[in-house]
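Protein chains: 2
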Amino acid sequence: MELPYYAVIFTSKQTSVNRDYQMAAQHLEELAQGMSGFLGIDHARADIGITISYWKTLEDIARWKAQRDHQEAQKKGKSQWYEQYRVRICKVEREYGFDR
Amino acid sequence: MELPYYAVIFTSKQTSVNRDYQMAAQHLEELAQGMSGFLGIDHARADIGITISYWKTLEDIARWKAQRDHQEAQKKGKSQWYEQYRVRICKVEREYGFDR
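Protein chains in written order, with this note's numbering: chain B, 26 to 125; chain P, 26 to 125.
This is chain B alone, in the form it adopts within the complex (with noise of 0.2 Å):
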């Protein structure tokens, strides 16, 4: 990815393993993937959950923020599925890596 670039990172303890918070995961990342500015996602979950989502300026962030099914997922997220979450908006100003 061509830097500057921004990253949101998602960390969350969930109240229990959901279903119907996994068909919405992977729903709004398909949502995601079709908003302007979106370069990428990653996710794994163990004792916590991470989701870093990265896209190009801080304004595409503000827009998939507002998306309206997205907004219906954060309700969600409050009511029913986290015990506690954290969002981090953090600019990218290096990146380095690795391949076999």
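Be careful, since some hints might not be right.
[Said to hold, decoys possible] In silico SDA-like cross-links for lysine to any residue, where the CA-CA straight-line distance does not exceed 25 Å: (1) B/LYS38 - P/GLY65; (2) B/LYS116 - P/ARG88; (3) B/LYS38 - P/ALA50; (4) B/LYS116 - P/LEU83; (5) P/LYS116 - B/THR82; (6) P/LYS81 - B/GLY122; (7) B/LYS90 - P/TYR121; (8) P/LYS116 - B/THR36; (9) P/LYS101 - B/GLU120; (10) P/LYS100 - B/GLU120; (11) B/LYS38 - P/GLU118.
Because the hints were derived from the structure by calculation, they are not lab data.
Based on the hints, put chain P in the right spot on chain B.
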């Protein structure tokens, strides 16, 4: 955590689940906790592994990258543990959350 601070997003695909890796990962986490500027760490492993560590400054991150045991682990990562990895150095620009 008080803004601004920096997040290091480390994502990886492992070659295989690895006891040696797990011991090193735990050791490194303890080491990082003793470094100046260390603010916290989040990680999860599912299909992909994600580790996010939080630091006060870019200089703290550079010192952590140069730390001897961490250097050793970086070498092992390339020679043994990882099929692929990606490190992204990010500036956290906004943060908010929810607690039940």
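How the hints compare with the structure:
{"no.": "1", "hint": "B/LYS38 - P/GLY65", "result": "holds (16 Å)"}
{"no.": "2", "hint": "B/LYS116 - P/ARG88", "result": "holds (21 Å)"}
{"no.": "3", "hint": "B/LYS38 - P/ALA50", "result": "holds (22 Å)"}
{"no.": "4", "hint": "B/LYS116 - P/LEU83", "result": "holds (13 Å)"}
{"no.": "5", "hint": "P/LYS116 - B/THR82", "result": "holds (14 Å)"}
{"no.": "6", "hint": "P/LYS81 - B/GLY122", "result": "holds (23 Å)"}
{"no.": "7", "hint": "B/LYS90 - P/TYR121", "result": "holds (13 Å)"}
{"no.": "8", "hint": "P/LYS116 - B/THR36", "result": "holds (16 Å)"}
{"no.": "9", "hint": "P/LYS101 - B/GLU120", "result": "holds (20 Å)"}
{"no.": "10", "hint": "P/LYS100 - B/GLU120", "result": "holds (18 Å)"}
{"no.": "11", "hint": "B/LYS38 - P/GLU118", "result": "holds (22 Å)"}
Violation of the numbered hints given earlier is absent; every hint is satisfied by the structure.
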